[in-house]
Amino acid sequence: MKEPIWITGAGIVSAIGLDKAQTLESLLARRTGIGPMRHLRSEHREFPVGEVQLSDEELAARLGIAPGTPTIRTALLGMLALGEALAEARLTVSDLPRTAFVSGTTVGGMDRSECYYPDFLTNDTRNAYISLHDCGASTEQIADRFGRFGFVATPSTACSSALNAIIIGANLIRCGLFDRVVAGGSECLTRFHLNGFNSLMILDREACRPFDATRAGLNLGEGAAYVVLERASTARNRGLGCDVTLDGWGNDCDAFHQTASSPDGEGAYRAMCDALKDAGLEPAEVDYVNAHGTGTPNNDASEGAALRRLFGDRVPPFSSTKSFTGHTTSASGAIETVICLLALRHQFLPVNLNWHEPMEEGLRPVVESRPDRELRHVLCNSFGFGGNDSSLLLSKRQEP
Amino acid sequence: MNRIYIRAAEQISLQQPLSEAWMEEPVRVEGPWARATDPDFRRWLTPGESRRLGTILKRALVTTLSLLRKTGLEHPDAVCVGTGLGCMVNTERLLETLCNEGETMFSPTHFMQSTHNTIASLLAIHTKSHGYNITYSHKDLSFDLALLDAWMQFRQGRIHTALVGGYDELTPSYFTLLKRIGYLGVEGEVPGSEAAVTLLLTDEGTDALCELAGLRILYRPTEKELQTALASLLDEAGIVRGDLSAVVTGVNGNGANDLFYEAFTSRELPGIPMLRYKHLFGTGYSAPAYGPYVAAHCLSRGIIPSSLLYGTMSPDNEAPRALLVVNQRDGKQYSLQLLRVCGN
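Those protein sequences? They're chains Y and W, same order as listed.
Quick note on numbering that gives the first Met the number 0: the first sequence kicks off at 0 and runs consecutively.
Quick note on numbering that gives the first Met the number 0: the second sequence kicks off at 0 and runs consecutively.
If we strip away everything but chain W, and leave its shape as in the complex, we get (with noise of 0.2 angstroms):
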């Protein structure tokens, strides 16, 4: 099977907008509820794009045309989205209508922009591609069930080239009833708006960011069940637990959500520092795709910025090799990701 490569990320979040500044010069952002920062979209879009598209569809399209600038790609062969929730801005508005106005007074525009396909459509659409095209809203799942779907086509031959990426746009009104369900903005968390994509192909010959080395996705596993996956990942990409450089995990200052990461690490990685980024990046549904776009990066530069170092274990100074990104919600739904320096 030909090897799996992210030839590049992209990212518009809490830090500055398609940049990797994040590394040197992190913004350090405050709860309980932060905005995004966008880019100039006039830059990427045409008038008429940047009056009808919203806000989560415009920063989809200008990280993928970042993306594809970057890289030379016209049209990858599939396009895989991850969203929690989907065009939420455009759905709440249709249910303040139903609510307020009754059945009267709905907007074909906002309810076009409101499925949650409606990106990864988008996406086709501009780039003009034919190919696979899916997305998955499953909670925190959903980018890495998109990331896994690539690796599946990839596995079979069908495609050499995907667009991944994870998506969710916070309302202020719609971070009230996460925060109301506890599903958000527990003290200590920075809830945000994701936008974030890598692309994956198979070429060796490119100068990509990191190898894919294979991922693993599991619900409502037993420990010994994760035990078993994580050491059935490591075995297929031939590498040793004592290989990995850290573990990339969703801690978020949730002193529950973090309890998790924190007894993982010590019960099947001993020894092996912990990093977070959601500090960074936000907490919240497509948070987890700034888990591998942060490890492609760290993996590349051959650094690991201390501003991601957590617990009391701090990385040697060599250059990382390997990176475990590990993600995990309510105890339900568990992911594990491993990357690697390319020329392995």
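Chain Y on its own, in the form it takes in the complex (with noise of 0.2 angstroms):
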């Protein structure tokens, strides 16, 4: 018998709050985080964005960082989001040698680099951040600031970096290598994606409209979120609760092509069909699917068919909540994950907006927040480039 994994605590951050609390907040009274660029210094302001409300510099006061001190964007969010998860779970520096950390992101330290690149090929002055470029050195410098972790690693598998990192941390318990582990993802906007996305022409310039028969495109965002993943015995050694558990997992590959989804959405469907699976539960038995949903017409059909393979003509609640926060891209998957958690916690949907007519094949995501039963289990879907298809179960826990 598999041992239940809990989740002790958790920590977020993205365009629509700092923490959990103005999150849930946001999420309740229907506030989107998608408006103009402030931060991010684009020739495209045409593109309304997702961004975190705090400027770097804001941040790094938030964090009590000295100013002047060598920092990336990606790693900043990523330690206001550790802290929260850290806090709730009630971790200190002398439990961390004996937890994991878990970080996928993509664009590591290109903040910095896309501006100081001139420099780092013809002088000295920016080495520092030469240091930082790499995905795995934004992981070590969110971890060390907290302590030392006994295990600190980087997934990195484009927009499903963060929900792997769940899936990776989650692997490290059932193995039996650790009773604890802290998992999710932190990534920041950059032009460097701003123009990736671009030149792939999947952004709209209207807010996104995931799901949405005239949807044009998806609005990057930025974030970071983690969750505290415990052995139940262990965290119950520590006299702690838990009210939602992760209960399964799936990640498979489309297999498809770079960057366009199949139209069957055979990735998704199998990383959703492992996830139920693994968790010994049947699609009737879902309550709630948070979609990845970019607002991409590619996306959204081929991530809509997989619904319906999966579910018929039995689709649960869905929505995409990337309409509030923008594509958070690497960390979309760990933000969401932490969105579904306050859903099971305070037993609410949240909703898809920007919603008003439905695709070719039917499918109508969530409008009304209430729903019309108990929310028990929901799946996590997190899909990247590449057709690197994720999903999580999460359930709110049962026994006493």
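Worth flagging that the hints you see were computed from the coordinates, not collected in a lab.
Backbone N, C-alpha and C fix where the C-beta goes; we use that ideal spot for every residue, glycine too.
Keep in mind that the hints are not guaranteed to be accurate.
[Claimed, not checked] Quick list of the computed label-pair ranges, beta carbon to beta carbon:
| id | chain 1 | residue 1 | chain 2 | residue 2 | range |
| --- | --- | --- | --- | --- | --- |
| 1 | Y | Gly175 | W | Lys223 | 17 to 23 angstroms |
| 2 | Y | Asp118 | W | Gln155 | 26 to 32 angstroms |
| 3 | Y | Glu24 | W | Arg266 | 51 to 57 angstroms |
| 4 | Y | Thr121 | W | Arg50 | 31 to 37 angstroms |
| 5 | Y | Cys174 | W | Asp39 | 39 to 45 angstroms |
| 6 | Y | Val92 | W | Asn343 | 37 to 43 angstroms |
| 7 | Y | Asp118 | W | Glu317 | 53 to 59 angstroms |
| 8 | Y | Glu42 | W | Gly47 | 31 to 37 angstroms |
| 9 | Y | Gly146 | W | Gln155 | 25 to 31 angstroms |
| 10 | W | Glu222 | Y | Lys1 | 33 to 39 angstroms |
| 11 | Y | Glu24 | W | Asn343 | 58 to 64 angstroms |
| 12 | W | Gly241 | Y | Ala283 | 56 to 62 angstroms |
| 13 | Y | Asp118 | W | Gly301 | 48 to 54 angstroms |
| 14 | Y | Ala283 | W | Gly47 | 43 to 49 angstroms |
[Unchecked claim] List time: in silico EDC-like cross-link candidates among lysine to aspartate or glutamate, alpha-carbon distance up to 16 angstroms:
| id | chain 1 | residue 1 | chain 2 | residue 2 |
| --- | --- | --- | --- | --- |
| 15 | W | Lys331 | W | Asp315 |
| 16 | Y | Lys395 | Y | Glu373 |
| 17 | W | Lys178 | Y | Asp118 |
| 18 | Y | Lys395 | Y | Asp242 |
| 19 | W | Lys178 | Y | Glu373 |
| 20 | W | Lys331 | Y | Asp143 |
| 21 | W | Lys69 | W | Glu19 |
| 22 | W | Lys127 | W | Glu73 |
Both chains come to you apart, so use the hints to assemble them.
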């Protein structure tokens, strides 16, 4: 029998809030964080973005980091979210050597590299940022602020990086390598990503409209989120309770195209099936799906097809909260996992903003946040370029 | 739990590509910067692929295709990749465009081929593998983490075969950057570009190269924690220190780096000979992928080439039975892998 994995802490930072309380409030008030650019210095001001409200300087000040200390935005966002997660789980520096930290990112220190690259090539003035460029460096900068974690790893599977980090964390626990893992991801906005997504012609100049017939692309966002996963017995021994458990997960590959999703949603379908099978649940037991739902014509059609394949004509309530946060790319899987946790904890359905008209095959996302039945089991989808499709099954803890 | 075997291991590096010729006739490479020796890609790829794919992707695809051809496997259950920097050539091109030409000239092709997981994705598309697919990008531990992940999938019985590869490409300009911060290019090192892949499986009936008897990954461990990890790794495999034929180290000519391996070996494994491989295969984020590659071929052939010897102690003339692969970077990340001959 698999021992349950409890979620004993969570932290979240995105365009709709700097912690769980603000995030919950925005979700319930239907207040999007997507708007005009304020911090990102891009020429493409025609694209709305989901920016975290604080500038780099404000983030550093909030974290008590001395001005002038070399930092990258991905790490600053990560530190804020990790601090909240550790505090809720009542973890201190002495617990960290027996705790693993798995944090997904793709952008790493690119926000600085894209500014200082000419210096990198010609002089020594920005060397600290060369050292902070790679993905692993940003994870270590986040981790080292809090002490000495016993294991640190950075998965990078594009937009599913953070969800895969949570899957890796769960596997570390199931394999008996750690009793406790903090997992999630962090990603800041960059001109590099904005221009990359723009070159693929998948950015919308309007607010994104996931699963709407008129959807025309995504809005990029940024943020970070982490969950503390803990073997139930270990958490109990620490005197902790728990209201949400991680019961199943699936990681599969669409194996279709480097950036596009297959028309039948093969990878997405497999990931959701595997998560359900892992949790020992039937499709009918799923009460809500937090969809990947980027708002691009391709993703939403493919994911919609996968939902139809799995649930037939009984698709449970589903929504894309990217209509609030924007697509936070490598952090999205963790941000949406924490949103699912809030939905289970506070028994509400996160709505899908900006939806008016069903897509061709008729799927209708959630627009009313009051659920018509108790939320017990939810699926959280996260897909990435390259067909890196993953899904988690989270449950409201039933046992006393 | 089923045992895990390395069925085959393939490489492109500073040595002869897709070959173990280095065991008899190693190519000696001098720093400060050297190109990997590529095979004739046209023998493996269509003209479209040759044109479209960047070098790192070609290397990843061809090492994998060679491995699959040798073993007859078509669809691995899992594809696990480690890469420290991802597809650096395309990333650099985009950075240069951004800095020199502003935000109007971004190439979608370069962007698509710049993300770290492009490699694992390409391998999955090519082998039609819908199963577990993961990429790690964590400095010099990237490959080791991919290997640990494959091990976790095996351990849970989720898979029976896995491709585990390590890939990085070093460009002249990025070499300049990494030399500036002392990460690469210290006197004595041979920086390289890496492509190494292993095929792991649980089937005992095949003629595998060796068994992967266990592994450990640690972050900023104390001396005591490292000691405990080594002891439990050996215990679980039922072997004692004296059974180790040698320690395969990441010694690379950089004194500060080499000192760690010398101290570790003399402290934890006194009397066990040290081996090295980075002087032949290069130093870089994915160079640790050559560690188990080298160890697996030594165990399979029952010989330790003299070109690998390091230090004053030589292994005895008997065929090696068990090898410990040790990898560390900057005193922060540590990895131990235990490999032994099949049939234990």
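Item checked: Violations among the numbered hints -> Hints 2, 15 and 19 not satisfied by this model.
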